[in-house]
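Spelled out, the chains give:
2 protein chains.
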Amino acid sequence: MNIEELSFAERFNGISGSAIREIFKLIARPDMISFAGGNPSPSALPDETAAEISRQVLEKDGKRILQYGATEGYPPFLESLKPYAEATVGCELPSVLPTSGSTQGMDLLCKALINPGDVILVENPSFIGNLQCMRLYQARPVGVESDDDGLIPEALEEAIRFHHPRILYVIPNFQNPTGRTLSVERRRVIAEMASRYGVIVAEDDPYRDLRYCGQDLPSIKSFDRDGWVVFLGSFSKIVSPGLRVGYMAGHPALIRKCVIGKQSSDLHTPNLNQAVIDQFLRRNLLPDHILKIRKEYSVQLQAMLKELEALPEGFRFTRPEGGLFIWMECPEGMDCLKLLQQAVEKRVAYVPGTHFYPEGGHLNTLRLNFSNSSVDQIHSGMQALREVLLQACC
Amino acid sequence: MNIEELSFAERFNGISGSAIREIFKLIARPDMISFAGGNPSPSALPDETAAEISRQVLEKDGKRILQYGATEGYPPFLESLKPYAEATVGCELPSVLPTSGSTQGMDLLCKALINPGDVILVENPSFIGNLQCMRLYQARPVGVESDDDGLIPEALEEAIRFHHPRILYVIPNFQNPTGRTLSVERRRVIAEMASRYGVIVAEDDPYRDLRYCGQDLPSIKSFDRDGWVVFLGSFSKIVSPGLRVGYMAGHPALIRKCVIGKQSSDLHTPNLNQAVIDQFLRRNLLPDHILKIRKEYSVQLQAMLKELEALPEGFRFTRPEGGLFIWMECPEGMDCLKLLQQAVEKRVAYVPGTHFYPEGGHLNTLRLNFSNSSVDQIHSGMQALREVLLQACC
Numbered sequence: 033m034n035i036e037e038l039s040f041a042e043r044f045n046g047i048s049g050s051a052i053r054e055i056f057k058l059i060a061r062p063d064m065i066s067f068a069g070g071n072p073s074p075s076a077l078p079d080e081t082a083a084e085i086s087r088q089v090l091e092k093d094g095k096r097i098l099q100y101g102a103t104e105g106y107p108p109f110l111e112s113l114k115p116y117a118e119a120t121v122g123c124e125l126p127s128v129l130p131t132s133g134s135t136q137g138m139d140l141l142c143k144a145l146i147n148p149g150d151v152i153l154v155e156n157p158s159f160i161g162n163l164q165c166m167r168l169y170q171a172r173p174v175g176v177e178s179d180d181d182g183l184i185p186e187a188l189e190e191a192i193r194f195h196h197p198r199i200l201y202v203i204p205n206f207q208n209p210t211g212r213t214l215s216v217e218r219r220r221v222i223a224e225m226a227s228r229y230g231v232i233v234a235e236d237d238p239y240r241d242l243r244y245c246g247q248d249l250p251s252i253k254s255f256d257r258d259g260w261v262v263f264l265g266s267f268s269k270i271v272s273p274g275l276r277v278g279y280m281a282g283h284p285a286l287i288r289k290c291v292i293g294k295q296s297s298d299l300h301t302p303n304l305n306q307a308v309i310d311q312f313l314r315r316n317l318l319p320d321h322i323l324k325i326r327k328e329y330s331v332q333l334q335a336m337l338k339e340l341e342a343l344p345e346g347f348r349f350t351r352p353e354g355g356l357f358i359w360m361e362c363p364e365g366m367d368c369l370k371l372l373q374q375a376v377e378k379r380v381a382y383v384p385g386t387h388f389y390p391e392g393g394h395l396n397t398l399r400l401n402f403s404n405s406s407v408d409q410i411h412s413g414m415q416a417l418r419e420v421l422l423q424a425c426c
Numbered sequence: 033m034n035i036e037e038l039s040f041a042e043r044f045n046g047i048s049g050s051a052i053r054e055i056f057k058l059i060a061r062p063d064m065i066s067f068a069g070g071n072p073s074p075s076a077l078p079d080e081t082a083a084e085i086s087r088q089v090l091e092k093d094g095k096r097i098l099q100y101g102a103t104e105g106y107p108p109f110l111e112s113l114k115p116y117a118e119a120t121v122g123c124e125l126p127s128v129l130p131t132s133g134s135t136q137g138m139d140l141l142c143k144a145l146i147n148p149g150d151v152i153l154v155e156n157p158s159f160i161g162n163l164q165c166m167r168l169y170q171a172r173p174v175g176v177e178s179d180d181d182g183l184i185p186e187a188l189e190e191a192i193r194f195h196h197p198r199i200l201y202v203i204p205n206f207q208n209p210t211g212r213t214l215s216v217e218r219r220r221v222i223a224e225m226a227s228r229y230g231v232i233v234a235e236d237d238p239y240r241d242l243r244y245c246g247q248d249l250p251s252i253k254s255f256d257r258d259g260w261v262v263f264l265g266s267f268s269k270i271v272s273p274g275l276r277v278g279y280m281a282g283h284p285a286l287i288r289k290c291v292i293g294k295q296s297s298d299l300h301t302p303n304l305n306q307a308v309i310d311q312f313l314r315r316n317l318l319p320d321h322i323l324k325i326r327k328e329y330s331v332q333l334q335a336m337l338k339e340l341e342a343l344p345e346g347f348r349f350t351r352p353e354g355g356l357f358i359w360m361e362c363p364e365g366m367d368c369l370k371l372l373q374q375a376v377e378k379r380v381a382y383v384p385g386t387h388f389y390p391e392g393g394h395l396n397t398l399r400l401n402f403s404n405s406s407v408d409q410i411h412s413g414m415q416a417l418r419e420v421l422l423q424a425c426c
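Residue numbers (the numbering used here), protein chains in the order written: chain B, 33 to 426; chain V, 33 to 426.
Keep in mind the hints are simulated off the structure, nothing from the lab.
There may be inaccurate statements among the hints.
[What the hints assert, rightly or not] Here are the computed lysine to aspartate or glutamate pairs in the EDC-like style, where the Cα-Cα straight-line distance is at most 16 Å:
{"hint": "1", "chain 1": "B", "residue 1": "Lys-92", "chain 2": "V", "residue 2": "Glu-80"}
{"hint": "2", "chain 1": "V", "residue 1": "Lys-92", "chain 2": "B", "residue 2": "Asp-79"}
{"hint": "3", "chain 1": "V", "residue 1": "Lys-95", "chain 2": "B", "residue 2": "Glu-84"}
{"hint": "4", "chain 1": "B", "residue 1": "Lys-338", "chain 2": "B", "residue 2": "Asp-408"}
{"hint": "5", "chain 1": "B", "residue 1": "Lys-324", "chain 2": "B", "residue 2": "Asp-79"}
{"hint": "6", "chain 1": "B", "residue 1": "Lys-92", "chain 2": "V", "residue 2": "Asp-79"}
{"hint": "7", "chain 1": "V", "residue 1": "Lys-327", "chain 2": "V", "residue 2": "Glu-353"}
{"hint": "8", "chain 1": "B", "residue 1": "Lys-95", "chain 2": "V", "residue 2": "Glu-80"}
{"hint": "9", "chain 1": "B", "residue 1": "Lys-92", "chain 2": "V", "residue 2": "Glu-84"}
{"hint": "10", "chain 1": "B", "residue 1": "Lys-95", "chain 2": "V", "residue 2": "Asp-79"}
{"hint": "11", "chain 1": "V", "residue 1": "Lys-57", "chain 2": "B", "residue 2": "Glu-104"}
{"hint": "12", "chain 1": "V", "residue 1": "Lys-95", "chain 2": "B", "residue 2": "Asp-79"}
{"hint": "13", "chain 1": "V", "residue 1": "Lys-114", "chain 2": "V", "residue 2": "Glu-104"}
{"hint": "14", "chain 1": "V", "residue 1": "Lys-324", "chain 2": "V", "residue 2": "Asp-79"}
{"hint": "15", "chain 1": "B", "residue 1": "Lys-95", "chain 2": "V", "residue 2": "Glu-84"}
{"hint": "16", "chain 1": "V", "residue 1": "Lys-92", "chain 2": "B", "residue 2": "Glu-80"}
{"hint": "17", "chain 1": "V", "residue 1": "Lys-370", "chain 2": "V", "residue 2": "Glu-419"}
{"hint": "18", "chain 1": "V", "residue 1": "Lys-95", "chain 2": "B", "residue 2": "Glu-80"}
{"hint": "19", "chain 1": "V", "residue 1": "Lys-378", "chain 2": "V", "residue 2": "Glu-419"}
[To be verified] One-sided excerpt, in silico: chain B residues whose CB lies under 10 Å from chain V:
{"hint": "20", "residue": "Glu-37"}
{"hint": "21", "residue": "Lys-95"}
{"hint": "22", "residue": "Arg-96"}
{"hint": "23", "residue": "Gln-99"}
{"hint": "24", "residue": "Gly-161"}
{"hint": "25", "residue": "Trp-260"}
Where a beta carbon is used, it is the ideal one built from N, C-alpha and C, also for glycine.
With the sequences and hints as input, model every part of the structure.
Next up, the structure:
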């Protein structure tokens, strides 16, 4: 039989791979100014500290670190992670599981809960990577309307009653891709609705610590009395995405299913990576490091906002209080998917907004990242981008 | 709604988690002699070298290592992995993907190929971890009879014609759990059958380098002309299982689906872990390290075989030429599942063989590991085990 005739599993029907990861390949040239990724700034990556810590943990506990570990986590990390996560989330967490990035947290949650055809409600637009994850479980992501305060409760309740979703996926702080933050009152309402209707809330919160103004808001999980909210935490934006360490916290029965799912996904998150993050927590290195990152990103955000203000009326953009992204809506009729090619020719890149909508469309939108470009790059990149946009619109 | 009423996805029906991982928890006491796991010996874990290498790679390429990486792999590792894998497998490999342990390789293969109800043929008995992986994809593992030369071709062909399997899963060298090795002629036949019937062969080969006598045999993949064989490689037994680095090599169209599946599993295998293994390859550290491990394990294997020879007729066991495991069949009627409790009370542990059979049964079998116990521990542990077995049998 000819291998070309090989058929793949149904879950791949209509799946063509991450659009963002494909854009990365297109723009992998040194002279490109990329507002496309969600990469931390190189200066935010603590390479020297990580080098020293890696050596030390392997010298001290190398035999255990290099041996098979428990799926439930590397014991010293579990000790430091629990209080850290509880302080972050703002409530007691009976069951915390280290994951291979919060990407794996979402994957395990779908593995535990989703049958083909199940609906997952998401913000409209939402994080493209997790939309693909949902689709590979043959779930149907359905967008719920949002405004500047995040998900609109009336729209959410209607969607829950109509679709009977298994999961509501929400990024409460500085949402990806819009940069919007969910209001406190709505967080409370969402936790109550989850419990009333029996919907698991996946609260994905990788940007929480990257706040440049305003006040920290309590997590949705902190309003959760009955265990319907699962918190997905990440060290990707505050230590390193390349180490692939995150965690998930939720009801013990659900986390137990995730542990079983993880046994055959990757057996366990590598001990070395857990040990490195463990030392960042034990040595209390995060607060100073986060202050440093915030300062830097805040300047970059302001620089990009200033450039955006030079655009004529008709171009709208969000003014995030934190995170990594600004969201733009160009005048109706503009096609930011097509324009990307022209932008790339001028050595500047973004992600077309259409990719973030479960139903596509919204061709006049785009996402800009400011954390991975210097202020100078932001100036010249935004100038190039403005030229492309203005030429297309007028 | 009460969270206790939460239902889980159908894939978890009948899944209770890895029996081996549960046994690990039972026997986690310092005075236990464990023949249960598949753990490398602590002395085989190169902690000092790994400490030095980790520091060096982070000092030299830390910014890239800590940043997001490509799903396809950390570029320097891809450079060293390809020639290494080709030398290991014994043929050109157009498409090689680093994975988070070979566990993830099997997971991605199921993700790419399996629809619920599909049959996967396996050796009878087979590796318990991957049986669970198959079941979580709602595949039906079906055992094919083996003898001392591995899978029996006539039985295999009959099973292929009857079941129309999507995948044949086989561990050709020093199989887990039996320690048996597939003969060269059968390897050739299996590659031909795969192509004739359109069955993907998953050739899982973590023990290849742990050969203590006899000659290396060519891989099944080396007989594959049309791309039906996927090779799953691992560094767990020759460098470290805790680092979670393996690889898979197969037809580019299939590996491409695995890349897309991996994007939402864990995005990428952590760069640091790939960089560490990369240095083991670049510095050519494996040959000497493997020689050292082989020497040690060979002595342990001989010690265990000698202890087994002291058992009366009626107890049969394999005499592996390599790997980590010896397989035992006790007289009919004995229940090694029940006896485990008595063995644990005498401070010795094994894995009941029944767990390795897709259909269960075979209660008179058990698996013994010799790599993770000293010769002294093997003497006293086997003495205790003999007492338990002889008391139960006579």
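Against the structure, the hints:
1. Lys-92/B <-> Glu-80/V: Status holds; Cα separation ~10 Å.
2. Lys-92/V <-> Asp-79/B: 9 Å, holds
3. Lys-95/V <-> Glu-84/B: Holds, at about 14 Å.
4. Lys-338/B <-> Asp-408/B: 13 Å, holds
5. Lys-324/B <-> Asp-79/B: Between Lys-324/B and Asp-79/B the Cα gap is close to 15 Å, so the pair holds against 16 Å.
6. Lys-92/B <-> Asp-79/V: 9 Å, holds
7. Lys-327/V <-> Glu-353/V: 13 Å, holds
8. Lys-95/B <-> Glu-80/V: OK: Lys-95/B and Glu-80/V at ~9 Å, within 16 Å.
9. Lys-92/B <-> Glu-84/V: Status holds; Cα separation ~12 Å.
10. Lys-95/B <-> Asp-79/V: 6 Å, holds
11. Lys-57/V <-> Glu-104/B: 11 Å, holds
12. Lys-95/V <-> Asp-79/B: Given that 16 Å is the threshold and the Cα spacing comes to 6 Å, the pair holds.
13. Lys-114/V <-> Glu-104/V: Roughly 12 Å between the alpha carbons, so the hint for Lys-114/V and Glu-104/V holds.
14. Lys-324/V <-> Asp-79/V: 15 Å, holds
15. Lys-95/B <-> Glu-84/V: This hinted pair holds, its Cα atoms lying about 14 Å apart.
16. Lys-92/V <-> Glu-80/B: Holds, because 10 Å separates the two Cα atoms, which is no more than 16 Å.
17. Lys-370/V <-> Glu-419/V: OK: Lys-370/V and Glu-419/V at ~15 Å, within 16 Å.
18. Lys-95/V <-> Glu-80/B: 9 Å, holds
19. Lys-378/V <-> Glu-419/V: 9 Å, holds
20. Glu-37: With a minimum Cβ separation of about 7 Å from chain V (threshold 10 Å), the hint on Glu-37/B holds.
21. Lys-95: Interface hint status for Lys-95/B: holds (5 Å vs cutoff 10 Å).
22. Arg-96: The hint holds - Arg-96/B has a Cβ within 10 Å of chain V, the shortest such distance being about 8 Å.
23. Gln-99: 5 Å, holds
24. Gly-161: Hint holds; Gly-161/B Cβ to chain V Cβ min 6 Å, cut 10 Å.
25. Trp-260: Status holds, d = 6 Å.
When the structure is compared with the earlier hints, no violation turns up for any of them.
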